[in-house]
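With the hints as your guide, set chain B onto chain A.
Quick note, the sequences are listed as chains A and B, same order. Letter by letter, the first sequence follows residues 191 to 548 of the numbering used here. Letter by letter, the second sequence follows residues 94 to 530 of the numbering used here.
It is worth saying that the hints were derived from the structure and are not from the lab. Keep in mind it's a predicted model, so treat the numbers as computed, not measured. The C-beta atom is built at its ideal place from N, Cα and C for all residues, glycine as well. Keep in mind that a hint or two might mislead.
Below, in silico cross-link-like pairs of lysine to any residue (SDA-like), each with a Cα-Cα straight-line distance of 20 Å or less [to be verified]:
1. A:K367 - B:A463
2. A:K367 - B:D122
3. A:K367 - B:E153
4. A:K367 - B:E467
5. B:K161 - A:V543
6. A:K425 - B:D229
7. A:K367 - B:R158
8. A:K367 - B:S415
9. A:K367 - B:K103
10. A:K367 - B:G233
11. B:K103 - B:R513
12. A:K367 - B:R330
13. A:K367 - B:D229
14. A:K367 - B:R513
15. B:K161 - A:D352
16. B:K103 - B:S415
17. A:K367 - B:K432
18. A:K425 - B:Q418
19. B:K161 - A:R347
Cβ-to-Cβ under 10 Å is the rule here; a few derived chain A residues that face chain B [said to hold, decoys possible]:
20. D243
21. L245
22. A279
23. F305
24. R341
25. V366
26. G368
27. V440
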Amino acid sequence: MTSSHGRGLHLAAAVDQRSAYDAGSYVELARLAESGGLDFVTLDDTFARPGPDALAVLSRVAPVTNRIGLVPTVTVTHTEPFHVQAAVATLDWVSRGRAGWRIDVSTTEGEARLFGRRHAAPADALWQEAGEVAEVAAELWDSWEDDAEIRDAATGRFVDRDKLHHVDFQGSEFSVKGPSIVPRPPQGHPVRVVDATEGQARRTAARYADVALVRAASSAQAGAVRAELRASAEKFGRDPDTLRVLVSLVVDLGDGEHAAEPGHGGGGPRQTAHGPLYRGGPVDLAELIAAWHGDRTVDGFHLTPVEPRRDLERLVNGTVALLQHRGLFRTFYPGSTLREHLGLARPANRYAVTGGAP
Amino acid sequence: MTVRPRTSRKEIHLAAHFPGVNSTTVWADPRSRSQIAFSSFEHLARTAERGLFDFFFLAEGLRLREHKGRIHDLDVVGRPESLTLLNALAAVTERIGLAATVNATFNEPYELARRLATLDHLSGGRAAWNVVTSSDAFTGENFRRGGYLDRADRYTRAAEFVAVARELWDSWTPDGLSRPFAHRDQHFDIAGEFTVPRSPQGHPVVIQAGDSGEGREFAARAADVIFTRHGTLEDGRAFYADVKARLAKYGRSADDLKIMPGVTVVLGDTAAEAQERAAEIRRQQVSPQNAILAVEQIWGTDLSSYDPDGPFPDFDPEPDPSLTQGRTRRGDSVATAEKWRALSRQKGLSIRQTVIEASGRQSFIGTPEAVAAELETFVRQDAADGFVLVPHLTPGGLDEFVDRVVPLLQERGAFRTEYRGATLRSHLGLTEPGGKG
Numbered sequence: 191m192t193s194s195h196g197r198g199l200h201l202a203a204a205v206d207q208r209s210a211y212d213a214g215s216y217v218e219l220a221r222l223a224e225s226g227g228l229d230f231v232t233l234d235d236t237f238a239r240p241g242p243d244a245l246a247v248l249s250r251v252a253p254v255t256n257r258i259g260l261v262p263t264v265t266v267t268h269t270e271p272f273h274v275q276a277a278v279a280t281l282d283w284v285s286r287g288r289a290g291w292r293i294d295v296s297t298t299e300g301e302a303r304l305f306g307r308r309h310a311a312p313a314d315a316l317w318q319e320a321g322e323v324a325e326v327a328a329e330l331w332d333s334w335e336d337d338a339e340i341r342d343a344a345t346g347r348f349v350d351r352d353k354l355h356h357v358d359f360q361g362s363e364f365s366v367k368g369p370s371i372v373p374r375p376p377q378g379h380p381v382r383v384v385d386a387t388e389g390q391a392r393r394t395a396a397r398y399a400d401v402a403l404v405r406a407a408s409s410a411q412a413g414a415v416r417a418e419l420r421a422s423a424e425k426f427g428r429d430p431d432t433l434r435v436l437v438s439l440v441v442d443l444g445d446g447e448h449a450a451e452p453g454h455g456g457g458g459p460r461q462t463a464h465g466p467l468y469r470g471g472p473v474d475l476a477e478l479i480a481a482w483h484g485d486r487t488v489d490g491f492h493l494t495p496v497e498p499r500r501d502l503e504r505l506v507n508g509t510v511a512l513l514q515h516r517g518l519f520r521t522f523y524p525g526s527t528l529r530e531h532l533g534l535a536r537p538a539n540r541y542a543v544t545g546g547a548p
Numbered sequence: 094m095t096v097r098p099r100t101s102r103k104e105i106h107l108a109a110h111f112p113g114v115n116s117t118t119v120w121a122d123p124r125s126r127s128q129i130a131f132s133s134f135e136h137l138a139r140t141a142e143r144g145l146f147d148f149f150f151l152a153e154g155l156r157l158r159e160h161k162g163r164i165h166d167l168d169v170v171g172r173p174e175s176l177t178l179l180n181a182l183a184a185v186t187e188r189i190g191l192a193a194t195v196n197a198t199f200n201e202p203y204e205l206a207r208r209l210a211t212l213d214h215l216s217g218g219r220a221a222w223n224v225v226t227s228s229d230a231f232t233g234e235n236f237r238r239g240g241y242l243d244r245a246d247r248y249t250r251a252a253e254f255v256a257v258a259r260e261l262w263d264s265w266t267p268d269g270l271s272r273p274f275a276h277r278d279q280h281f282d283i284a285g286e287f288t289v290p291r292s293p294q295g296h297p298v299v300i301q302a303g304d305s306g307e308g309r310e311f312a313a314r315a316a317d318v319i320f321t322r323h324g325t326l327e328d329g330r331a332f333y334a335d336v337k338a339r340l341a342k343y344g345r346s347a348d349d350l351k352i353m354p355g356v357t358v359v360l361g362d363t364a365a366e367a368q369e370r371a372a373e374i375r376r377q378q379v380s381p382q383n384a385i386l387a388v389e390q391i392w393g394t395d396l397s398s399y400d401p402d403g404p405f406p407d408f409d410p411e412p413d414p415s416l417t418q419g420r421t422r423r424g425d426s427v428a429t430a431e432k433w434r435a436l437s438r439q440k441g442l443s444i445r446q447t448v449i450e451a452s453g454r455q456s457f458i459g460t461p462e463a464v465a466a467e468l469e470t471f472v473r474q475d476a477a478d479g480f481v482l483v484p485h486l487t488p489g490g491l492d493e494f495v496d497r498v499v500p501l502l503q504e505r506g507a508f509r510t511e512y513r514g515a516t517l518r519s520h521l522g523l524t525e526p527g528g529k530g
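Same shape as in the complex, but just chain A:
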């Protein structure tokens, strides 16, 4: 993909809807996003409000889409790390390499009562545990080497068991023996997404996330958070270029072609209780995206439409079309996996013997 400043712009959209439990409406929104060449769609999930299991919905969407990345929220506070990683790996198999996982925690006593296993805990402690879940998931995805399946009729062996590994993970709250029940998924590691807005969540994102979501009401603010995340990632021993930082905006494109609200011209987002809200037209939103990306303060945007169907349609046919026209956004998918869309390499397997170590 080419762009005026030599690095890709990444766009994602939320397909959350109120009170929708049928497959059809989600399929329609995901296909619409795919027609705009978006990197991925997200679907949020929580035990605290009505809504279907998000990973299930995006698995249902997978066979009837071709290229778009599928990123459900899966919470890790009351769930089993072993089941969560197996489900995410399976989403990667059924979508042929398009799975992501937005990691989240459950902080309320109400959610704790649904399970009756532990009490509510402070967010910082839960995000620390979430980091451990992100870590053990990656270890379990690596617990099968890519070429573990050998089907060697002469010796009667289906797998080479030297290429399957116990992970023996000891966390502060849980332990997992391994290996996974699911062979290593197509992407090696499905893409891990973390909302890096708050305290410990930001540290967990810097350490484990492939995509960090941040909330910012100005390009400068976004740039500051991005710089902090990249510096922090480097401290954890990561190459900061393996981290994509996307600004999360709630978008309301209901006001026609251009921003109508006084003091809101040029499409600058406004801080609200639900995070920065952009209210205006699709053209101005394209201007904002182009401008911030041109400032090199963001790698892209994660957009949550206020009115899913209306705003996503305007986003794709207005904002995205304009960005494509200006050569700032892909017009087709050159790759087939979500990692390829994001320009992230398929990770090496930590257990594989590379031979001739320096």
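Relative to the frame of chain A, chain B by itself:
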């Protein structure tokens, strides 16, 4: 409960088991394809739907099996997570039921009930849950709670788990109002609101697969389908009578619980050809290495120096339960060893030949006409309400049955010629659960 007239002719119910981590699946056959690619699952599920099967079935294992402290490598290893896979299959099928095996020990009711209700919504009423239990610390090492559960508590937890799941499924009114729930008993103390409205089936179908007295009682009280291993006509009739007789005390009728043994089918143009193919499949299933392994599992010791084409050990087994982990054990090893050695002596069979002969599942082997007739006989003589077919090849293992046997069953009037309803409950002839309006 509504009372339905018993039709003069029982209709056969059919389900398709995906070939996977078991000793039936032949992975070395050149026609065998991926055990993990979605295309394999899609092929088998669509074939079963073309054959108008009631449901497609996935097994589960939560820890890779180990033998002598190492991962068991002779059978298929690895599989997808069932519910995620079935949600994807819902996109490429329209009517067939989608059944996931999910462990009641290593899950929590709120989350699992929600995942099952979601599958039921996304598939338009086709979800089923095969409830299994386990208590081994070996599997527990992959989970937060470890292997804490006493063996005796497995079924009490499973029964309470199913009861809680149904409370949650009933917690929304049919017209979409959420009502709070609270449950407090021996195993679970939970309260709050369920996040998913009542699903198309009300309650996803519940399947049970245990054979013990406790398992039968649990099925009679709580299950819609029982998946058994009683494959012979005589065994089947005894089991069928026993389980159906247990229903009345729970206020249920004989039609409320379908009995479906797991069976294999081998077809040929002649009876002799079918027998020959069946023998070849058994040889593929029991490789020399697998034969030694089977004997080690009984004897409880390393027998790797034994020749699979030679005689059995002349010493008696010393059972070592830690030798093989993550695999269901059946019966008493000393008795099994004696049975196998007797068979070997009587017929002059080697270790491998004996294992081949002794360890097969009930098979229906013959021409399509003969197999269709025999399947119908089993159902008409109350040895079964239907069958879970366990093919040996991925993903083409059902093709021939659907092409050649299903039309004959239909001609005999023993099997549906179209799906009459949209939900799995309707395929199985189960009533809608009443719910608490």
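Do the hints match the structure? See the list:
no.: 1; hint: A:K367 - B:A463; verdict: 49 Å, violated
no.: 2; hint: A:K367 - B:D122; verdict: 33 Å, violated
no.: 3; hint: A:K367 - B:E153; verdict: 18 Å, holds
no.: 4; hint: A:K367 - B:E467; verdict: 46 Å, violated
no.: 5; hint: B:K161 - A:V543; verdict: 24 Å, violated
no.: 6; hint: A:K425 - B:D229; verdict: 42 Å, violated
no.: 7; hint: A:K367 - B:R158; verdict: 13 Å, holds
no.: 8; hint: A:K367 - B:S415; verdict: 17 Å, holds
no.: 9; hint: A:K367 - B:K103; verdict: 48 Å, violated
no.: 10; hint: A:K367 - B:G233; verdict: 9 Å, holds
no.: 11; hint: B:K103 - B:R513; verdict: 16 Å, holds
no.: 12; hint: A:K367 - B:R330; verdict: 43 Å, violated
no.: 13; hint: A:K367 - B:D229; verdict: 14 Å, holds
no.: 14; hint: A:K367 - B:R513; verdict: 47 Å, violated
no.: 15; hint: B:K161 - A:D352; verdict: 14 Å, holds
no.: 16; hint: B:K103 - B:S415; verdict: 45 Å, violated
no.: 17; hint: A:K367 - B:K432; verdict: 37 Å, violated
no.: 18; hint: A:K425 - B:Q418; verdict: 42 Å, violated
no.: 19; hint: B:K161 - A:R347; verdict: 16 Å, holds
no.: 20; hint: D243; verdict: 4 Å, holds
no.: 21; hint: L245; verdict: 6 Å, holds
no.: 22; hint: A279; verdict: 7 Å, holds
no.: 23; hint: F305; verdict: 5 Å, holds
no.: 24; hint: R341; verdict: 6 Å, holds
no.: 25; hint: V366; verdict: 6 Å, holds
no.: 26; hint: G368; verdict: 7 Å, holds
no.: 27; hint: V440; verdict: 22 Å, violated
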